[in-house]
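Letter by letter, the chains look like this.
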Amino acid sequence: MNIELFEIWAKHGDTMLKALGEHVFLAVTAVFLGMLVAIPLGIWLVDRDRYAKYVLGGVGVIQTIPSLALFGLVLPFLGIGTRPALFVLMLYSILPILRNTYTGIKEVSPVYVEAGKGMGMSRFQLLGYVELPLALPVIMAGIRISIVYIIAWATLAAAIGAGGLGDLIFGGIAVYDYDLIMAGAVPAAILALVASWLLGALEKVVTPKGIRRS
Amino acid sequence: MVIFDRVSKQYEDGHEAVKEFSLEVKDGEFLVMIGPSGCGKTTTLKMVNRLIEPTSGTIYIGQKDITKEDPVKLRREIGYVIQDIGLFPNMAIEQNIDIVPRLLGWSKEKRKQRVDELLSLVEMDPEVYAKRYPSELSGGQQQRIGVLRALAVEPPLILMDEPFGALDPITRDNLQEEFKVLQKKLNKTIIFVTHDMDEALKLADRIVLMKDGEIVQVGSPDELVNSPADEFVSTFIGSSRMENYKRSETR
Ligand SMILES: Nc1ncnc2c1ncn2[C@@H]1O[C@H](COP(=O)(O)OP(=O)(O)O)[C@@H](O)[C@H]1O
Ligand SMILES: [Mg+2]
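From first to last, the protein sequence lines stand for chains A and B.
So the first sequence is numbered by the numbering used here: it starts at 1 and just counts up by one.
So the second sequence is numbered by the numbering used here: it starts at 1 and just counts up by one.
What the hints contain is simulated information worked out from the structure, not anything from laboratory work.
Backbone N, C-alpha and C define an ideal beta-carbon position, used for all residues, glycine too.
Wrong hints could be hidden among the right ones.
Unchecked claim - Distance windows between CB atoms, simulated:
1. B/Asp212 / A/Val37: 31 to 39 Å
2. B/Asp70 / A/Leu68: 49 to 57 Å
3. A/Tyr54 / B/Tyr11: 56 to 64 Å
4. B/Lys110 / A/Trp44: 52 to 60 Å
5. B/Arg102 / A/Ser109: 43 to 51 Å
6. B/Val128 / A/Val55: 41 to 49 Å
7. B/Thr67 / A/Pro66: 51 to 59 Å
8. B/Lys180 / A/Tyr54: 51 to 59 Å
9. A/Trp44 / B/Pro71: 44 to 52 Å
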C-alpha cells in the first residue's frame, strides 16, 4: 500500500499539487465568504427570534439539497467554473457557522448579560465585551465543522469545471484508473484532517483565557 | 435621593409583582428591602436602573424622573451588584473591576490606579489578584470583586440584590462586617435586597418589609423589632430573633 502511494505520487505528483492548491483555495474562500454572511446574520438574528426560526429553517433546507443537484441548479445562472462553485460551497458553509453563532450567543448565561446591561453597556458593547468572547469557542466549532464539510464537497466542484482534487477523482472514474482516484481522494481526506486539527488549535488560542478548559 | 411614587409593575402574564410602591430613600441611607421570596424585591430594585420598566408610577433620582434619562447612561451612574455575582469569566479581575471606567473612557493610568485602590480597600493585594481570572478566586473573593466593580466610578447610589446570598455563613458574616465598615467610610446611598432578617438587622439604617408586592412596614431595625406593625411582621422577624436583638441592645 505504501509503495503504491509512492508510485501514485511519482506518476501524478505535479497534478496532485496543482489540484490540492485549487482545492484549498476553493474551500478556504468559500468558508471565508460563508463566515462573512453567517456571522453578521447570526448576530442580527439574536434579538429577532421571530425571524430566527425561518432563517435557520430556510438555510437548513439548502443543506438538504444534494450538492451535485445544487451545482446543476446554479448552472443556468452562473455557468461553469470557479465562481459558481464558490457560490454553492459558500451556501453550504453558512449553516453550521450561522447556527453556532446564533446559539452560541443565545446560550451565554443571562447572568452575564444582566450584569453587562446593569453596568451600563450599550447593545453593541454587550456584544463586544461579553457575548461574542463567550460565544467564540462555539462559533469556532461551527467554522471547523463547516470547513471539513466543504473540503469534502469541494471535490464535486470539479463537475462544473472548478478544478480541485475532484478533477483527479472524476478523471480516475472516467477511465477506471484506481490510482488516479486515490491521488484525489487521499489528499482530500488528509486535507480535511489537517484543517480540522489546525482549527482546533486556533480555537484554543482564541478562547478567552478565563474560560479555557485546561 | 431616590423617590418611588406609586410605582407598580404588572408582568405580561398579568401577575402584579409590585403594587403602588411609594418610598423616599434618603441620601447616604442604607435601606434594606426584605420579604419572602416572590414578594417583588428584585422587581422593585431593577426598576431603579431600568432593567425593568414600571407599568405605572414614577421613580425619581435626585429630582429627575428616570424615564427621561438614557438608560445606558443612567446605569453607569448607579452601582449594581447581583446575587449570582456575574463576574465576566473572560476578563481578568482588573478588567472586571474597571469595566465601567472603560465604558466611560477613562485613561489607562487612571484605571490602573483605581483598580489598585479598590483591591487594597478589601485587602486583596493587586500584585496577586489583578491578573487572575474569576474562576481562580473563592466565592467570597469573587463577591468582593463584584462589590468593587459596582464602586469603581464612585456612584452615589448602589443597588444590591442579595449580594451575599450565595456564600457560606462564615464568609457571609465576614463580608457583611467588611461591607458595613466600607459603607460608613464611603457614605453611599444603598438599596439592599435580602431575605435574611439577621442580615437586615445588622446592616440597615431602615428596613422595608414587603409582602405580595406591597410595603407592610418601614422602619429602623429598632422600630421593627420593638413595634412590629402586625402579626406578619413579628412572625417574619421571629420571636427568638426579637429576644436576641433586644438583649444585645440593652447590653
Ligand atoms: N419576567 C417575569 N415575568 C413574569 N413574572 C415574573 C417575572 N419576573 C418575576 N416575576 C414574578 O413576580 C413576582 C416577584 O418577583 P421578584 O421581584 O423576583 O421577587 P423577589 O425578588 O422578592 O423574590 C414573583 O411572583 C415572580 O414569579
Ligand atoms: Mg429576588
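Structure-based check of each hint:
no.	hint	verdict
1	B/Asp212 / A/Val37: 31 to 39 Å	violated, 51 Å
2	B/Asp70 / A/Leu68: 49 to 57 Å	holds, 55 Å
3	A/Tyr54 / B/Tyr11: 56 to 64 Å	violated, 28 Å
4	B/Lys110 / A/Trp44: 52 to 60 Å	violated, 36 Å
5	B/Arg102 / A/Ser109: 43 to 51 Å	violated, 21 Å
6	B/Val128 / A/Val55: 41 to 49 Å	holds, 48 Å
7	B/Thr67 / A/Pro66: 51 to 59 Å	holds, 56 Å
8	B/Lys180 / A/Tyr54: 51 to 59 Å	holds, 54 Å
9	A/Trp44 / B/Pro71: 44 to 52 Å	violated, 22 Å
In the structure shown, a violation is registered for the earlier hints numbered 1, 3, 4, 5, 9, in ascending order.
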